[in-house]
Amino acid sequence: MTGAVLTVTELTKLIKQNLEENFSSVSLIGEISNFKAHTSGHWYFTLKDSGAQISCTMWRGMNDYVFFSPQDGMKVRIGGKLTVYPPRGSYQVEVRSMQPAGIGELQLAFEKLKEKLFREGLFDSENKKSLPEMPMKIGIATASGGAALKDMISVAQRRFPLVEICVAPCSVQGAGAAETIVKALQNLNERNDIEVIILARGGGSLEDLWAFNEEEVAYAIFRSEIPIVTGIGHEVDFTIADFVADYRAATPTAAMEILTLDKEDIIYSITELDTRVTEGLNESLNEKRDRILSILNSYAFRSSSDVVKLFSQRVDGVVYRIQNGMHNLLEERKNKIALHMTRLLANDVQKTLRKGFVLVKQEDKFVTRAKKFQMNKNHQLIFYDNQIDVHSGHEEKK
Amino acid sequence: MKKKNNESTFKSDLNRLEQIADQLDTSDLDLEEAITLYEEGITLSKKCLQALEKAELKVTELKSNLELVNQKK
Numbered sequence: 002m003t004g005a006v007l008t009v010t011e012l013t014k015l016i017k018q019n020l021e022e023n024f025s026s027v028s029l030i031g032e033i034s035n036f037k038a039h040t041s042g043h044w045y046f047t048l049k050d051s052g053a054q055i056s057c058t059m060w061r062g063m064n065d066y067v068f069f070s071p072q073d074g075m076k077v078r079i080g081g082k083l084t085v086y087p088p089r090g091s092y093q094v095e096v097r098s099m100q101p102a103g104i105g106e107l108q109l110a111f112e113k114l115k116e117k118l119f120r121e122g123l124f125d126s127e128n129k130k131s132l133p134e135m136p137m138k139i140g141i142a143t144a145s146g147g148a149a150l151k152d153m154i155s156v157a158q159r160r161f162p163l164v165e166i167c168v169a170p171c172s173v174q175g176a177g178a179a180e181t182i183v184k185a186l187q188n189l190n191e192r193n194d195i196e197v198i199i200l201a202r203g204g205g206s207l208e209d210l211w212a213f214n215e216e217e218v219a220y221a222i223f224r225s226e227i228p229i230v231t232g233i234g235h236e237v238d239f240t241i242a243d244f245v246a247d248y249r250a251a252t253p254t255a256a257m258e259i260l261t262l263d264k265e266d267i268i269y270s271i272t273e274l275d276t277r278v279t280e281g282l283n284e285s286l287n288e289k290r291d292r293i294l295s296i297l298n299s300y301a302f303r304s305s306s307d308v309v310k311l312f313s314q315r316v317d318g319v320v321y322r323i324q325n326g327m328h329n330l331l332e333e334r335k336n337k338i339a340l341h342m343t344r345l346l347a348n349d350v351q352k353t354l355r356k357g358f359v360l361v362k363q364e365d366k367f368v369t370r371a372k373k374f375q376m377n378k379n380h381q382l383i384f385y386d387n388q389i390d391v392h393s394g395h396e397e398k399k
Numbered sequence: 034m035k036k037k038n039n040e041s042t043f044k045s046d047l048n049r050l051e052q053i054a055d056q057l058d059t060s061d062l063d064l065e066e067a068i069t070l071y072e073e074g075i076t077l078s079k080k081c082l083q084a085l086e087k088a089e090l091k092v093t094e095l096k097s098n099l100e101l102v103n104q105k106k
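Protein chains in written order, with the working numbering: chain A, 2 to 399; chain B, 34 to 106.
The set of hints was computed from the structure by calculation and includes no laboratory data.
Positions of the beta carbon are idealized from the N, C-alpha and C atoms, including for glycine.
Check each hint, because a few of them may be wrong.
The calculated label-pair distances, taken between Cβ atoms and stated as ranges, are [stated by the list, open to error]:
no., chain 1, residue 1, chain 2, residue 2, range
1, B, ASN48, A, LEU294, 34 to 44 Å
2, A, ASP73, B, THR93, 24 to 34 Å
3, B, GLN52, A, ALA38, 48 to 58 Å
4, A, LYS130, B, GLU73, 29 to 39 Å
If we strip away everything but chain B, and leave its shape as in the complex, we get:
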């Protein structure tokens, strides 16, 4: 597959959140580390939920000359 040049932050946030959950689940962390991860995780989950709530579908139409035209839904 081709390389995406704008990897969505939603997706990477979600992946990071999963990672944090795994780390907190399994690994033996320092108290400091655990708290830092917890704070990051909570922030990310809030951010992801907000992104989903606020999301509006974006639809564009590709013309034959590959130019993009915004479309209303």
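Looking at chain A on its own, in the form it has when it is part of the complex:
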């Protein structure tokens, strides 16, 4: 080849052929730097280690399969092929797959994001919204048809069936999940009737739950005007979403339990209120009765009862007098009758006198036998029409 003069294009073409043939499938490990997610959906970044660096691209469509958002400093293992770009005389790895170099990388990414968001104040307790006491309408952002949703619905049904549930479906795993979660939260916020949102997902590995560790999800939770309760994975799983949320429940069902009062408890407290109302009325009635009794026992009322006593004495007196009067009246009648009786009797005597008989009276007594007549004393002769006093020795007309 010595001596032969090539054009730049010719040489580049040879290099391109050579490199692309020999490195059609490479697998390499390195640390991401200058990561850029272009609006077109393509990713551009540099992979480096202590001795070298290489440019990388990952086209839209390919990066859909990456479940996490790459960050600078993250150690990843990528698969792809080497390509040469003649206009720039550059070579790069066209990345087809990307994985964290180890589980530790995700941990690290998690810690870094956590640290960053913490500094930005996304976890501050003063930014936490308080949860409604008895929400009647709960929004749920989770996978439609997932076990988590089913569990939450059955909890609501059992505990507080008066609640209304509005599900905003989203992917909860894999590439693009974060985006759908953000959208679901936005959609729920656009409605004006949702009182609280549950962001939930059943249990899974760190990779499975990774969408909830994404920055955009964290910001969407932070921006939500409606309070958000997270119920992600199992009790031991903590995600970034949990830190930003207004309340973190250990599981999806726990989240629903927190937001729904137990029917039995409500029934109990209604019964309690019922009792309080009844007792309240009874107390009120008792109080009134006591007051009436105390008024009756007060001096004013007692003294007036003395008045009553006096009055009744007067009444008694009147009654006595009436009874007496009656007695007197009877006596009077009795006397009158006796009088009439004597008159009747007298009448009898008059009849006899009219026939010409004469009665003899001496010293106010009738002389009914001759031997009782005293010759030396005056006497009266009682005729029918008159009476004649007869003095002893001489006669005198009256």
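With chain A's structure known, arrange chain B on it following the hints.
For chain B alone, coordinates are given in the frame of chain A:
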């Protein structure tokens, strides 16, 4: 929080019931007032209990265009 446009009657009934219980507990009421409150309270508690007994969970799904779709449980 956003304003709810259909405040549940259950919740307001329950709140009113609590209010009535408090009033009957503490305040010095006329007999007439007390009886009126008592009657209202008893009616409300009955109503709330009935609502709870009859309640059936309502689940809807939000589509991307914000339209609501009824879901069976």
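Okay, the hints, checked on the actual structure:
1. B:ASN48 <-> A:LEU294: 34 to 44 Å: holds (37 Å)
2. A:ASP73 <-> B:THR93: 24 to 34 Å: This hint is violated: roughly 42 Å between Cβ atoms.
3. B:GLN52 <-> A:ALA38: 48 to 58 Å: holds (56 Å)
4. A:LYS130 <-> B:GLU73: 29 to 39 Å: Given a distance of about 34 Å, which is inside 29 to 39 Å, the answer is holds.
Taken one by one, the earlier hints fail for this structure only at number 2.
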